[in-house]
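Enquirer: Taking the hints into account, I'd like the entire structure generated from these sequences.
Protein chains in written order, with our numbering: chain G, 1 to 284; chain L, 285 to 447.
One or more hints might be untrue.
[Said to hold, decoys possible] No farther apart than 20 Å at their CA atoms in a straight line, the calculated lysine to aspartate or glutamate pairs in the EDC-like style are these: (1) K341(L) - D53(G); (2) K287(L) - D53(G); (3) K291(L) - E315(L); (4) K42(G) - E327(L); (5) K85(G) - E410(L); (6) K187(G) - E410(L); (7) K42(G) - E315(L); (8) K378(L) - D368(L); (9) K291(L) - D12(G); (10) K85(G) - E402(L).
[Claimed, not checked] FRET-style restraints, in silico, Cβ to Cβ: (11) D190(G) - I403(L): 47 to 53 Å; (12) P141(G) - M285(L): 24 to 30 Å; (13) R412(L) - G242(G): 33 to 39 Å; (14) E263(G) - D339(L): 42 to 48 Å; (15) G16(G) - M285(L): 20 to 26 Å; (16) E410(L) - S89(G): 17 to 23 Å; (17) D339(L) - Q144(G): 27 to 33 Å; (18) P141(G) - M299(L): 36 to 42 Å; (19) I403(L) - S208(G): 35 to 41 Å; (20) N22(G) - D339(L): 27 to 33 Å; (21) E263(G) - E444(L): 19 to 25 Å; (22) N22(G) - E375(L): 53 to 59 Å.
What the hints contain is simulated information worked out from the structure, not anything from laboratory work.
A virtual CB, placed ideally from N, CA and C, is assigned to each residue, including glycine.
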Amino acid sequence: MIPAAFNYHRPDTIEGAVKLINEFGDEARVVAGGHSLIPMMKLRMTGLSHLVDLQGIGGLKGISVDGDTITIGAMTTQHELIVHKQLSSRAPIIAEAALQIADPQVRYVGTIGGNVANGDPGNDMPGLMQCLDAIYSLQGPSGQRSVPARTFYEAAYFTEREEDEILTSISFQATGGGYAYEKQKRKIGDYATAAAGVLIEKDGDKCSAASIALTNLADTPIYCEAAVAALVGTALDPGDVGAAVKAAVDASDPSEDNRGPIEFKKHIAGVVIRCAIERAIERA
Amino acid sequence: MEKMHLKMTVNGEEMETLAEPRELLIHVLRERLNITGPHIGCETSHCGACTIDMDGKSVKSCTVFAAQAGGADITTIEGLGNPDNLHVLQEMFKEHHGLQCGFCTPGMITRAYRLLQEIPDPTEEEVRFGMSGNLCRCTGYQNIVKAIMAAATEMNATKEAAQ
Ligand SMILES: Cc1cc2nc3c(=O)[nH]c(=O)nc-3n(C[C@H](O)[C@H](O)[C@H](O)COP(=O)(O)OP(=O)(O)OC[C@H]3O[C@@H](n4cnc5c(N)ncnc54)[C@H](O)[C@@H]3O)c2cc1C
Ligand code: FES
Ligand code: FES
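Expert: Dropping the structure here:
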C-alpha cells in the first residue's frame with residue numbers, strides 16, 4: 001500500500017501554505033491529520049505531486065470562546081474537542097458526536113478542518129456543523145471569506161472551497177436547550193449507516209427553536225427545514241415528533257451500498273432521527 | 285523522488301535516516317530503523333497492530349507519512365520494557381493470559397499505556413471503549429481487558445506506596 005511519490009512541504013504560516021497550493025494548482029493538496037487523505041492516496045485514488053502539511057501552522061490550532069461565539073481552529077483534533085471542558089459545557093453536542101467518530105487512535109489525529117473540508121458524505125462533522133449553523137472561514141490568495149456550512153456542500157467531494165483556499169476556522173453560537181447526535185453504525189470505527197444531529201430549545205411548554213441535520217443519507221449532509229418547521233411552535237407532542245421524523249426522512253436521499261438497500265437506510269434514518277429528537281427534548 | 289533527511293526521537297534515542305516522503309512511518313520504523321515491535325496487521329488503518337505513541341498520542345503508524353513524523357517524539361513497545369525488565373502492562377498480559385498468538389500485543393500494550401496515562405483508574409467500560417481501535421483475532425478480548433485493569437491497579441498501588 002505505497003502511494004505515488006510526492007514532494008513534501010511544511011510551511012509555518014497560513015500565507016505560506018496558500019502560496020504553495022496556489023503555485024502548484026491541482027497537483028497540490030493540504031494534509032491535516034491525514035486519516036481520510038492517506039487511505040485514499042494508498043489506494044492511488046488521489047493524484048498529487050505536492051503535499052502541503054499544515055501541522056507547523058500554530059494559527060490553525062485551538063478553541064476560543066468569546067461570549068456566545070465559539071471559534072475552533074481547523075487543525076484542532078477530535079480528541080482535543082472531546083477533552084475541552086468549556087466547549088463541552090457550551091456546546092455539548094460536539095463531544096457527543098466526536099466520540100462516535102472512528103476510534104481513539106483516529107480521533108487523536110483527525111482534525112475538525114479535515115473532517116468538514118473532505119466532502120465525504122460519511123463524515124460526521126459536516127452534518128453536525130449544519131445542525132449548529134456554523135460558518136467556515138476560508139483563506140485564499142485574494143483574502144478571506146466566510147461560507148455557511150449549510151451552503152458549503154455541493155456533491156460528494158465537491159464543496160464551495162476553491163482549490164487554492166484553506167479552511168482556517170469554524171465558528172458557531174453556543175447552544176442552550178437540548179441536544180443529541182445519534183448514529184447507527186455496523187461497528188466501532190465505521191461510518192454512519194444513518195446519523196442525525198438535533199438541537200431543541202423550549203420556552204415554557206412550547207418549542208421555540210430547533211435544528212435538525214442528517215449525515216450519510218445523501219450525497220451531502222442535509223439540513224431539514226421542513227422537519228424544523230414541524231417542531232417549532234408546537235408542544236412537542238408525539239404527533240409533532242412523528243411529523244418531524246417523517247419530514248426529515250422525506251428529505252433524505254440515501255443510495256444503496258454495502259450498508260444496505262435504500263428502504264433499510266430510510267427505515268434506520270427514521271429510527272435515529274426519532275431517538276435524537278426524543279433525547280434532545282428530554283434534555284431541553 | 286529525492287529522499288528526505290529525517291530526524292526523530294525513538295524510545296528516548298535521537299535517530300536519523302533518509303526516506304522518501306511517501307514512505308509510511310511503520311515501514312521506516314521496521315525497515316530503516318530496525319524497530320520491529322509495532323506490527324503491520326491490515327495497513328488500512330483498521331486493526332491497531334501498528335500503534336505507537338507519538339508526541340503523547342496513540343497513533344496508527346501505517347497512516348502517517350514518515351515526513352509528517354519528522355521531529356516527533358516516538359515510543360514503541362521496545363521503549364516500554366524489555367525481557368529483563370518488563371513493563372507492568374507486559375507483566376499483566378503474561379499473568380492474565382492477555383495474548384495468544386501475540387501479533388496484536390505490541391499495539392494493544394502501547395495503546396493501553398497511553399489510556400492509563402489519561403485515565404489511571406478506568407472502569408471496564410472505559411477500557412473497552414479506549415481500546416476499541418485495536419483488534420485481536422485470538423483472545424476474545426476478555427483477558428486483555430482483565431490484564432489492563434490489573435495493570436492499572438498495580439500502577440496505582442506503586443504510585444501510592446511511593447507517596
Ligand atoms: C478507520 C477510520 C474510521 C473513520 N471513521 C470515521 C467516522 O466514523 N466518521 C467520520 O466523520 N470520520 C471518520 N474517519 C475519518 C477521520 O475522522 C478523518 O480524520 C477526517 O475525516 C479527516 O480529517 P483529517 O484531519 O485526517 O484530514 P485529512 O485526511 O488530512 O484531509 C482530508 C481532506 O480535507 C482536505 N483538508 C484537510 N484540512 C484542510 C484545511 N484546513 N483546509 C482545506 N482542506 C483541508 C485535505 O486536502 C483532504 O482532501 C475515519 C477514518 C479512519 C481511518
Ligand atoms: S496496520 Fe495500521 S491499523 Fe492495521
Ligand atoms: S493474540 Fe493473536 S491477534 Fe491478539
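Enquirer: Does the structure break any of the earlier hints, and which numbers would those be?
Expert: Failing hints, ascending: 11 and 21.
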